[in-house]
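S.K.: Guided by the hints, dock chain P onto chain C, whose structure is given.
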Amino acid sequence: MKSYREVTNVILSVNGEKRRVAVRPADTLLRVLREKLGLTGAKPGCENGDCGACTVLLDGLPVKSCLILAVEIVGKKITTVEGLKNTAIQQAFLKEGGFQCGYCTSGFLVNAYALLEKHPAPAGEADREWLESNLCRCTGYEGISRAIDTAREIIKQQI
Amino acid sequence: MIPFDLEYYAPESIKEAVVIYTELADAGKEPLYYAGGTEIVTFCRQQTIKPGALIDLKGIAETGLLELDGEKLILGANITLSCLSEQGHFPLIADVARSVADRTARNRLTLGGNICGRLPYRETILPLLTADAEVVLAGRDGHRTEPLSELFDKRLKLEKGEILVQLILARKELGNKSWVRRREKHGPVDYPLCHMIGVKKKDHLAVAVSGLCAFPFRSDEIEKVINDSALSAQEKVEKSTVLLPGAIRSDELGSDDYRLALWQKDLVEMLEYMEGAER
Numbered sequence: 000m001k002s003y004r005e006v007t008n009v010i011l012s013v014n015g016e017k018r019r020v021a022v023r024p025a026d027t028l029l030r031v032l033r034e035k036l037g038l039t040g041a042k043p044g045c046e047n048g049d050c051g052a053c054t055v056l057l058d059g060l061p062v063k064s065c066l067i068l069a070v071e072i073v074g075k076k077i078t079t080v081e082g083l084k085n086t087a088i089q090q091a092f093l094k095e096g097g098f099q100c101g102y103c104t105s106g107f108l109v110n111a112y113a114l115l116e117k118h119p120a121p122a123g124e125a126d127r128e129w130l131e132s133n134l135c136r137c138t139g140y141e142g143i144s145r146a147i148d149t150a151r152e153i154i155k156q157q158i
Numbered sequence: 000m001i002p003f004d005l006e007y008y009a010p011e012s013i014k015e016a017v018v019i020y021t022e023l024a025d026a027g028k029e030p031l032y033y034a035g036g037t038e039i040v041t042f043c044r045q046q047t048i049k050p051g052a053l054i055d056l057k058g059i060a061e062t063g064l065l066e067l068d069g070e071k072l073i074l075g076a077n078i079t080l081s082c083l084s085e086q087g088h089f090p091l092i093a094d095v096a097r098s099v100a101d102r103t104a105r106n107r108l109t110l111g112g113n114i115c116g117r118l119p120y121r122e123t124i125l126p127l128l129t130a131d132a133e134v135v136l137a138g139r140d141g142h143r144t145e146p147l148s149e150l151f152d153k154r155l156k157l158e159k160g161e162i163l164v165q166l167i168l169a170r171k172e173l174g175n176k177s178w179v180r181r182r183e184k185h186g187p188v189d190y191p192l193c194h195m196i197g198v199k200k201k202d203h204l205a206v207a208v209s210g211l212c213a214f215p216f217r218s219d220e221i222e223k224v225i226n227d228s229a230l231s232a233q234e235k236v237e238k239s240t241v242l243l244p245g246a247i248r249s250d251e252l253g254s255d256d257y258r259l260a261l262w263q264k265d266l267v268e269m270l271e272y273m274e275g276a277e278r
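Those protein sequences? They're chains C and P, same order as listed. Letter by letter, the first sequence follows residues 0 to 158 of numbering that gives the first Met the number 0. Letter by letter, the second sequence follows residues 0 to 278 of numbering that gives the first Met the number 0.
With the rest of the complex left out, here is chain C (with noise of 0.2 Å):
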């Protein structure tokens, strides 16, 4: 049985890179990515699961890394906004101005990467669905959306 009961060296998958790091087994993987990888993309907003600021990809999945501790993802993929460079996604939030002060983008991103991966096609509610779990404290949705329409369009040309 797997186990972690103090200071532990572990090895974590996060943008394709094998990191070693040493984590206490009450590190959430936030913190962990912030303040010992040094990957300061996933914000803390909330801290609380609400805000989406944090959100990373787990195994693909978009999920929100201030509710997870870092020990549980040992052996899975991270991927998180610095592993996003040059998508269509990053290119379509620059070209359309998806963003304001900036503070939610890269959680936006992510999930909006996801999105884009499971709905390559626009999808009406469940892109509605999926873009409720971020919060935009400008309120700029309507840039993120345009967005999220131009990446489907840079996407389909790039097919």
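Please note: incorrect hints may appear among the correct ones.
Unchecked claim - Subject to a maximum C-alpha distance of 27 Å in a straight line, what follows is the list of computed BS3-like cross-link-like pairs (lysine-lysine):
| hint | chain 1 | residue 1 | chain 2 | residue 2 |
| --- | --- | --- | --- | --- |
| 1 | C | Lys1 | C | Lys17 |
| 2 | C | Lys1 | P | Lys49 |
| 3 | C | Lys1 | P | Lys57 |
| 4 | C | Lys1 | P | Lys238 |
Unchecked claim - Chain C stretches covered by chain P per the calculated footprint, using a threshold of three residues with CB under 8 Å from any CB of chain P:
| hint | region |
| --- | --- |
| 5 | 0 to 12 |
| 6 | 25 to 33 |
| 7 | 43 to 50 |
| 8 | 62 to 70 |
| 9 | 143 to 156 |
To be clear, the hints were calculated from the coordinates, so they are not data collected in a lab. Source: prediction; values computed, not measured. The C-beta atom is built at its ideal place from N, Cα and C for all residues, glycine as well.
M.R.: Same frame as chain C, but now just chain P:
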């Protein structure tokens, strides 16, 4: 961050989980079983709970089953609410699961966590109550299977150290005519003011409710009233209101009067939908 230390264990079998729970409990570490973790991590961060150890049940295969096996649907306690909302065997629980929290959170929230958690809503229990599900539990003395109705009274009555393994439903319960209404203050991603489901089971109308009282419930007394063909819809509502099993919640989301009005309105609409307009 969680400002205190704890230990983490990931058993791969029920037996391992029960043994380590017993050892940790005997050592005074106040262990908690852990699955999706959303509620436990939040409460640990807020220090409203301080477990000395977490026992992660996600690696136990039988808790992850989602399988239509002959005449039974088996739902493992560690199925995520996203998986539950996407399965097609039991559309009613898919609808209910889809209404809990948000999509990203549902990728972690589990059926067992939703039922056994500390939050009072436990909405996925509603279709399980109306379907007369059975519950499979495991503890020091092995597995036992019991009717959910006998073990759920405001919350699931687990023995100390016992694990919720699976929920089992009869195939005949999966496609019954149903009605669902979930009321929230702000929008879909919110706790329910009143979440009611109605299910037509042959000639019997079953009803279960969350959000109205401090716990979810299905009430035999209320079902007797709403199935009494001698009563009008309005009489059913009035008599049912007196039979509510607890005080109506009143909080920042909605007053007791508001919740009661919503529930009464929805009950009338549900009766009209399920039975047609009554006298």
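S.K.: Are the hints correct? Go through all of them and say.
M.R.: Verification of the supplied hints:
1. C:Lys1 <-> C:Lys17: holds (19 Å)
2. C:Lys1 <-> P:Lys49: Holds - the C-alpha atoms of Lys49 of chain P and Lys1 of chain C are around 22 Å apart, at most 27 Å.
3. C:Lys1 <-> P:Lys57: Roughly 12 Å between the alpha carbons, so the hint for Lys1 of chain C and Lys57 of chain P holds.
4. C:Lys1 <-> P:Lys238: violated (55 Å)
5. 0 to 12: holds (count 6)
6. 25 to 33: holds (count 4)
7. 43 to 50: holds (count 3)
8. 62 to 70: Our answer is that it holds, as 7 residues pass the Cβ test (under 8 Å) against chain P, meeting three.
9. 143 to 156: violated (count 0)
When the structure is compared with the earlier hints, violations turn up for hints 4, 9 and for no others.
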